[in-house]
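Visitor: Residue numbers (our numbering), protein chains in the order written: chain A, 50 to 468; chain B, 23 to 330; chain C, 1069 to 1350.
It is worth saying that the hints were derived from the structure and are not from the lab. Virtual Cβ for every residue (Gly too), placed ideally from N, Cα, C. One thing to keep in mind: the hints can contain errors.
[Stated by the list, open to error] Pairs of lysine-lysine, DSSO-like flavour, derived with a Cα cap of 30 Å:
#1 A/K301 to A/K467
#2 A/K353 to A/K343
#3 C/K1152 to B/K203
#4 B/K319 to C/K1152
#5 A/K220 to A/K299
#6 A/K466 to A/K354
[Claimed, not checked] Now the in silico label distances, taken between C-beta atoms and shown as ranges:
#7 A/E450 to C/F1340: 55 to 63 Å
#8 C/L1218 to A/Q349: 44 to 52 Å
#9 B/V189 to C/L1222: 51 to 59 Å
#10 B/V289 to C/R1149: 30 to 38 Å
#11 C/L1336 to B/R192: 29 to 37 Å
#12 A/G428 to C/L1139: 30 to 38 Å
#13 A/V395 to B/A168: 19 to 27 Å
#14 A/E382 to B/V189: 42 to 50 Å
#15 B/A168 to A/G171: 50 to 58 Å
#16 A/D408 to B/V35: 50 to 58 Å
#17 C/V1320 to A/K467: 23 to 31 Å
#18 C/I1176 to A/I435: 37 to 45 Å
#19 C/I1176 to A/R384: 41 to 49 Å
[To be verified] Here's a subset of chain A near chain C, in silico, CB distances under 10 Å, partners left out:
#20 W254
#21 S263
#22 P264
#23 Y265
#24 P274
#25 A276
#26 A286
#27 N295
#28 F296
#29 T318
#30 G428
#31 T429
This is what each chain is made of:
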Amino acid sequence: MDRRSFVKSSTALGGLAALGSFSQVRAQGTGPIKIGLLTPLTGVVAAGGKEIAEGFGLYWDQVGKKIGNRAVEVIVEDDGSNPDIALQKARKLTEQTKVDFLVGDLLANTGLAVAEYAKGVGIPYFIPVIAADDLTQRKRIPNVIRVAGYTASQMPRPLADYAYKKMGLRKIVTISQDYTFGHEQCGGFAQVFTELGGTIVAQHWHPLNTQDFSPYIAQIQAATPDAVFAMETGADATRLIQQWSNFGLKGKIRLLGAQNATDQSVIRTLGAEAEGIISSAHFAEGNDSPATQKFVAEYQAAFKKLPSIYGFSHYSAAMWLAEAIKSINGNIEDRPKFLDAVRKTVLNGSPLGRPVRLDDYGNPVYDVFIRDVVKRPDGTFWNKPIETYPAVSQFWTYKPEEYMKQPSYSRTFQGIKKN
Amino acid sequence: MSRSKTSWIAAAVLALAVVPVVLPGYLTSLATLMLIYALLAMSVDILAGYAGRTPLCHGAIFGTATYVVMYYVTSAGGNPWLAMPLGVLAALGVATVFAALAVRTSGVYFLLLTLALGMIVWGVCQRWTSVTGGENGLRGTARPAALADPQVFYYFVLAVGLACSYVMWRFVRSPFGLSLKGIRESESRMRSLGYDTTRHLFVGFLFSGLMAGISGVLYASFNSFVSPSTVALAQSVKGLLMVIVGGVGTLFGGVVGAAVIIVLENVVSSFTERWSMVLGALFVLTMIFAPEGVVGKFRSFLARRRKP
Amino acid sequence: MATLQLLNSFTLAALLFLVASGFTLIFGLMRIVNLAHGAMYLMGGYVAYAAATASGSFLAGVAAAVVAVALLGLVTQALLRFVKGNELRQVLLTLGLALILNDAALVIWGGDTFSVPTPPPLRGAVQVFGVLYPRYRLFVLAVGIAVLVLLWLLMNRTRLGALIRAGVDDAETVEAMGINIRLVFVATFMLGMALAAVAGALGGAFLSLYPTADSEILVYSLAVVIIGGRGSLGGAAVGSLAVALLSTFGQVWFPELAYFVIFGPMALLLAFRPHGLFGRAT
Chain A
50 MDRRSFVKSS
60 TALGGLAALG
70 SFSQVRAQGT
80 GPIKIGLLTP
90 LTGVVAAGGK
100 EIAEGFGLYW
110 DQVGKKIGNR
120 AVEVIVEDDG
130 SNPDIALQKA
140 RKLTEQTKVD
150 FLVGDLLANT
160 GLAVAEYAKG
170 VGIPYFIPVI
180 AADDLTQRKR
190 IPNVIRVAGY
200 TASQMPRPLA
210 DYAYKKMGLR
220 KIVTISQDYT
230 FGHEQCGGFA
240 QVFTELGGTI
250 VAQHWHPLNT
260 QDFSPYIAQI
270 QAATPDAVFA
280 METGADATRL
290 IQQWSNFGLK
300 GKIRLLGAQN
310 ATDQSVIRTL
320 GAEAEGIISS
330 AHFAEGNDSP
340 ATQKFVAEYQ
350 AAFKKLPSIY
360 GFSHYSAAMW
370 LAEAIKSING
380 NIEDRPKFLD
390 AVRKTVLNGS
400 PLGRPVRLDD
410 YGNPVYDVFI
420 RDVVKRPDGT
430 FWNKPIETYP
440 AVSQFWTYKP
450 EEYMKQPSYS
460 RTFQGIKKN
Chain B
23 MSRSKTSWIA
33 AAVLALAVVP
43 VVLPGYLTSL
53 ATLMLIYALL
63 AMSVDILAGY
73 AGRTPLCHGA
83 IFGTATYVVM
93 YYVTSAGGNP
103 WLAMPLGVLA
113 ALGVATVFAA
123 LAVRTSGVYF
133 LLLTLALGMI
143 VWGVCQRWTS
153 VTGGENGLRG
163 TARPAALADP
173 QVFYYFVLAV
183 GLACSYVMWR
193 FVRSPFGLSL
203 KGIRESESRM
213 RSLGYDTTRH
223 LFVGFLFSGL
233 MAGISGVLYA
243 SFNSFVSPST
253 VALAQSVKGL
263 LMVIVGGVGT
273 LFGGVVGAAV
283 IIVLENVVSS
293 FTERWSMVLG
303 ALFVLTMIFA
313 PEGVVGKFRS
323 FLARRRKP
Chain C
1069 MATLQLLNSF
1079 TLAALLFLVA
1089 SGFTLIFGLM
1099 RIVNLAHGAM
1109 YLMGGYVAYA
1119 AATASGSFLA
1129 GVAAAVVAVA
1139 LLGLVTQALL
1149 RFVKGNELRQ
1159 VLLTLGLALI
1169 LNDAALVIWG
1179 GDTFSVPTPP
1189 PLRGAVQVFG
1199 VLYPRYRLFV
1209 LAVGIAVLVL
1219 LWLLMNRTRL
1229 GALIRAGVDD
1239 AETVEAMGIN
1249 IRLVFVATFM
1259 LGMALAAVAG
1269 ALGGAFLSLY
1279 PTADSEILVY
1289 SLAVVIIGGR
1299 GSLGGAAVGS
1309 LAVALLSTFG
1319 QVWFPELAYF
1329 VIFGPMALLL
1339 AFRPHGLFGR
1349 AT
């Protein structure tokens, strides 16, 4: 071949090789701890994704970005609200940036994709927000742990109990986004509610990013239920709550929400339409507890807004991981030891104001609050606890092994007991 | 073929062959992804460059192959090797339906119709949860055990890519390929010469879909994962952009375009989250300043230099 | 319940008409498929939100939206001049613009979902045809009908309208007649932008504003214009109604099929009647 083309192609190769030197070889045990944070900074859940990065970073800033004598480096990658991109970035973080472990993701499909990858290469992956039930139930992966997280069906069950026993509701319609998170939340609610004797009159499943809820609202009105359980997140939650109010249903039919429906990320841009919606979650930013209010104040000072579940969960996760790493003297290179430490850590300093520990299956057990959306003196709204259900695990009152014999919640299986 | 052209191609193939040695680990998998997308881009070029019909549906054809492979190895518990021809057949099936509907339109209408058809496929993948897994997609080992090693897999993809490139190269130079070019230049003239332009376009579309399907099958093996985003409009747009940046109608421009976009994406997203904006700007600037793409510009540069 | 669903369809159709009418005029006259039209809608919405919350006036919000999007329209037109004459390049350029605008909106307003505040007199619900229906949606329906009438008058009773219609049929001949077709183009483009901005402001109050709203409304607009036919106002009206009915009732009867209910008929129509219901072959 002639010289010119040879020179050109080797220059091109050289350029690519220079790219390769982006990756560093890390020192054993004394270099910085590199954490790969995957989060949707663009795409449909960009708002929540930003808060994940903010909440996670806030903790490390507060402790001076180090644990013991090792510095902590957080490398943030955008998963684009898209599982193909999430996989690409997970690969990049693991194989090129050579992080010590992965944290994050928001949408269930991105989390599941990355979990499968983590399973294949053995890198620890912590999921404070990914709530897909089976990751800590039927399809557990040893190196995927739900640090400071929750399963989808864990939270709505106390709400179903409260709805039946304390609110006296008997006929409920559910409306939900049509994907696994929605199926599992509704399933958790429906199973408990019907086992107590209630009826689920109808279930509506709509695609993510439904702009116009009027067709569903019309059908709900026609069914005349006692209440509606709405499993919505992000823009869908905003729209449903608004349109519900616009159609004059606020105050006519009671609205119960999944925790994401009344999360700060939704209600901070709404007004009185959100008032009075009852939901259930382990975190309530209106909780009087000093630990919670301290966290809320710090968060507000740093980011000028009240914390959402995304910010809170990742802050707690960072705290949890820091505790675990401290307990093994920073020796995260020993992966089995690290994972074991994470599983055994009891989080005492959590903003929840009470200790949190993992159950035997890698998912935390929480005291769950029934929350009401109330107005603050400054005119904004937040979730205040009105009742507490202590020590709720992902299995409710069921025996784990028995529970796992029933199929996973899906559109076709909602655990509904025919009464 | 001229001697300098042969040496260019030889140099390129040699460079590609030593990638796993020179650029290990993550960069090898990046290069593998580049090759897969290059094949997709070249398949788009067959229609856009040679037949003169710009499509926005190839992401859907590509992704259908991926879905079928993933479905076969997960829900149907089949052999990963067998999944591959099944995926290609499925892609061909989808391309046939698309072609039958789209082939009588041209220009912007062709673009819009293929866009709509692609969206239908996307909608199906998103809602037919029992088969496609809906938003969660399908996960499972689609890579045959023999290809598990990333370096071995790279060489496999390179071999398939080179074989397909050769077939495409022969296709565009064949009398049939030349007739497609003729249709691009002037469809009415071709018809008056007695060519059945509709049938030609139909076959051209199928061939293009075949290549896109092969690319989709390789993607399944690479990722072992598929979700609606694999068949989304954004995927078709990406493939089209690669062709445009590389050079419409140059065939190998697709390889250059794929390399440019993937490297850029990787480098840019290390520094900023604004990759979407950069991609958009790239689109705008390419349309204004270099609509013939990198390879196109290079060729005209060479042609000018040869003039006395 | 059918009354409710019909009202839902009509009000959605009104909004779609506002967006699609601008789109179809630009497509019809200038042969430009402006894939950034959805981004213009979203930008209009965000600006309306910012202006309305800052000033407390809904009208100020709408006005600000129109101004902002008109400016963006001027930039778009300037860029399009570089690729004049080549339809495909124009389309792809607008696609690139859409990506840029979408990301810029994310940077400026973040990913939270916002709603343009509804003016107090339009809040709440009224009894109409035996059902309780939101006042604001009825307002949108009224605006849609008013705009349809105004546009019809513009097209059929004014010189500009005659020029636009002539231009849709045959731009070259109009130019050959000595008319400054460029001014007509600019006027049409600006009109399209204004309509998108108003649609964004109005839609922003009941469908809300968030990062992917632009591609969603664009997809619906494409369906409307393809079904209705390029450059035809009547087509845009009929198309909007068709898409809104399919979408609303499709959601109720065939929730499985979502997009297919809209795109299936659209694809078939385009395959056999490429110019839509009212479009003209040129």
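Visitor: Indicate, hint by hint, whether the structure satisfies it.
Guide: Structure-based check of each hint:
| no. | hint | in the structure |
| --- | --- | --- |
| 1 | A/K301 to A/K467 | 27 Å, holds |
| 2 | A/K353 to A/K343 | 14 Å, holds |
| 3 | C/K1152 to B/K203 | 24 Å, holds |
| 4 | B/K319 to C/K1152 | 20 Å, holds |
| 5 | A/K220 to A/K299 | 17 Å, holds |
| 6 | A/K466 to A/K354 | 42 Å, violated |
| 7 | A/E450 to C/F1340: 55 to 63 Å | 59 Å, holds |
| 8 | C/L1218 to A/Q349: 44 to 52 Å | 48 Å, holds |
| 9 | B/V189 to C/L1222: 51 to 59 Å | 55 Å, holds |
| 10 | B/V289 to C/R1149: 30 to 38 Å | 32 Å, holds |
| 11 | C/L1336 to B/R192: 29 to 37 Å | 36 Å, holds |
| 12 | A/G428 to C/L1139: 30 to 38 Å | 34 Å, holds |
| 13 | A/V395 to B/A168: 19 to 27 Å | 47 Å, violated |
| 14 | A/E382 to B/V189: 42 to 50 Å | 49 Å, holds |
| 15 | B/A168 to A/G171: 50 to 58 Å | 22 Å, violated |
| 16 | A/D408 to B/V35: 50 to 58 Å | 56 Å, holds |
| 17 | C/V1320 to A/K467: 23 to 31 Å | 25 Å, holds |
| 18 | C/I1176 to A/I435: 37 to 45 Å | 38 Å, holds |
| 19 | C/I1176 to A/R384: 41 to 49 Å | 43 Å, holds |
| 20 | W254 | 6 Å, holds |
| 21 | S263 | 4 Å, holds |
| 22 | P264 | 5 Å, holds |
| 23 | Y265 | 7 Å, holds |
| 24 | P274 | 15 Å, violated |
| 25 | A276 | 19 Å, violated |
| 26 | A286 | 8 Å, holds |
| 27 | N295 | 4 Å, holds |
| 28 | F296 | 6 Å, holds |
| 29 | T318 | 5 Å, holds |
| 30 | G428 | 13 Å, violated |
| 31 | T429 | 14 Å, violated |
Of the numbered hints stated above, those contradicted by the structure are hints 6, 13, 15, 24, 25, 30 and 31, listed in ascending order.
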